[in-house]
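Colleague: Residue numbers (this note's numbering), protein chains in the order written: chain D, 1 to 428; chain P, 429 to 790.
It cannot be assumed that every hint is accurate.
As the list claims (entries may be wrong) - Covered stretches of chain P, going by a simulated chain D footprint (3 or more residues, C-beta under 8 Å):
#1 522-531
#2 636-648
#3 654-663
#4 690-698
#5 706-717
Derived by calculation from the structure, the hints in this document are not laboratory data. Note that the structure is predicted; figures quoted are calculated from it, not measured. The beta carbon of each residue, even a glycine, is placed where N, CA and C say it ideally should be.
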Amino acid sequence: MISKRRSTACGDAVHGITRRRMLGSLGGLVGFGSLLHPAIAKEIAEKKKQVCLIWLDGGISQYESWHPLPDSKFAGPFRSIKTSIPGIHFSELMPHTAKIAHKISVIRTMATKDPNHSTGVPRMQRGDPLDRGVDYPYIGSAIAKLLGPADPELPPYVWIKPGNGGFIHREAGFLGAQYGALALGDGRPPVHIHRPDGVSSELDAARNALRQKANERFRAYRNTSEIDAFETSYEMARKLMARKEIFDDDKIEPKDRERYGTHPLGRHVLQARQLLESGVRFVKVNSYHWDTHGDNFNMSQRLVPQADQPFAALVNDLDDRGMLDNVLVVMMSEFGRTPLINSRLGRDHWPDCWSLALAGCGIKRGAIIGETTEDGGFVDGKGYDVGDLFHTIYNVLGIRSKRAKYRHKGQKLAIAHDHCEPIEEVML
Amino acid sequence: MSVSTLEVSKAWPSRELEHERQLFRAQFSPDGRWIAAGGQDKLVHLWELENDGKKALSGHDTWVSSLVFHPKEKKLFTADYLGVIYCWNYEKGDQPQWIIKEADRDNVRALVVSKDGKHLISAGDDAVIKVWKTSDGQQVARMEGHEECIFSLALSPDGKQLVSGDLFGIVRQWSVGKWKQVRELDAKLLHTRKENFIADVGGVRSFAFSSDGSLLAVGGMKEAKSNAFCPGKPTVLVFDWASGKVKTELGIKGKSDGPFNALRFLEDGTLCGHTEILHSASELTFWKIDEPEPIHSIKNGSGYDLSLHPDKRQLLVPTYVTGGSSGNGGRGKTPENYLTNTTVLRIFSLFAKPEEKGDEKK
């Protein structure tokens, strides 16, 4: 049977050459240096700016976390507790983060338009650049492209997620499959990371050379992106075989497991810390099932602490290790949750006014920004869209987001929304 | 005054009391003259039914999570999500008679009063059952054994046995007075934790003893599909009290997807229960225990509690009413027209609606 992908390759050598040339130009034109001021590029290279995105899929309730407003008519039943910033309160469900509020920034007036998961997740992770008819990359792939690997011997983008792992190239969009994510399913290292005892290093090298030769031959007449994805994932696996100590659970201190929590998000954020320490440029940690349309208060009581504990532990650990100035930590969802409480005692989707947290790497410490209406339901003054957030992220990483462009098929493409701006209020 | 014949198939909503905020608990007083209700607005609301009087008691600093009347005295006990219990004289005055400030680590989810009226029993998030003197709020006993939060309490009709139900679907029986555990019943069907969940879902959300004490109905939902929407199948497990075994399992015909928040046995042995559903109409359901299907149901908004009037002919349901702004996103709403959801305390009369004079003429 001929697959649909195979059938796109007509077999004409001219097409093959064109594809290879295109790939070559894609890789070369948008290099690290071409997008950044040389001094900044050097600084980034030296300081290895890194990112950890903690993604609470489905939408954490701002009322049960960052913005409790206990006297508002939309408040939940939980206590509002003092934080380390005088006058600022978080929900009692975030006791650990309340203690480190002076190390982070919180934006309480995200206003992001899209109330649906199916479109909200990609919009929030792509940054919503103006539609130019291309499939924009998710932020992990974008950073992998824009900054490259922090350590050439490690994949630039690792995604720790529940469920299955593997090499997930769809997040790379038009950048090409090689900028996809190496996904660690449930935090497990890639399979077959250990070379079988019966295979010597010489034999392994010979095997690898043969594979590369076969790939080149195969590449000549076929869709290169698919081959790139395969080749990239193989290379990643090969590199990781030399760094398999990263996945050595025995190196984790029991007290660290306790501090981060033994639930999946705790384990995965702790693993993210190890990957950041090892030099991975961008680590995304996903937690699913935050879409609390039903039983929001019983669920928030159990879910929010699962984010609070490892988030605070990570920020503290990075700070203690002197890494926080170079590692950006973001914890967010695709939207917040409604002020109104529905018939199932849940909260629905609310992109109109919600909260997220940032820390490290050029982000102010202790900036809690954004004015809302008294009940927290709506922005009162300045709201921020995801484009603003992306400009902020890029800028604190040293990327001049207003000037830097992707080039794709001869087209210059903005890396973030043309009409949005960095959020100066949270930037140093 | 003649007593109307109990006839649930002809039950009808005979009275409605509206409130501008969401209320989750509502009970008739033992003399039937009052309704007490509490919920989101932190107040304890009292309706005097004979003269349409209404007053509110303030004191709670968060949502009111449970309430119960004293069976003999004019006392009302109310509790909240911060673990505080208040004792009020609901007829006179607006100041509490006493307060227990730390009745629970967090939410006091259930309150009952012993049949002799001497003891208030509370349970909630810290999984410990505590016994207090109704006279002054002093603690008498505490009972440990549950490993997760307790949602429900109930006393057997003779007042000698207490049951408690938790998130894991464990039902424990305790002897009143000795305050010791007697046995454990298995209602784990009402708890769900699938491999990909990040929280436990469900639990024992309601109890009802039959009037002769031979049956214990345990309400909740089974087979939750996620810990986000928390949709499941509303389910009642009816235990044969003597054996401690499940006698029958009851469900609904309709489409509700939330737990049975409340159950009551009527004097003819009919069991009734109310559940909830997302953005749609739920139902008040009636069963004969020996029949697998409900004998009757009445469409109603999501309901969170049930109280049987002392005349045994009226059921009170605090019922969810949308303010018209529910659902995802603001959709052009502004702070001015984004309206809160509200409550109607709906009283269902459990007998045929009397013919009105105009109808008789026809």
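Colleague: It remains to establish, for every hint, whether it holds in the given structure.
Modeller: So, going through the hints one by one against the coordinates:
no. : hint    : in the structure
1   : 522-531 : violated (count 0)
2   : 636-648 : violated (count 0)
3   : 654-663 : holds (count 6)
4   : 690-698 : violated (count 0)
5   : 706-717 : holds (count 4)
Violated hints for the displayed structure, listed by number in ascending order: 1, 2 and 4.
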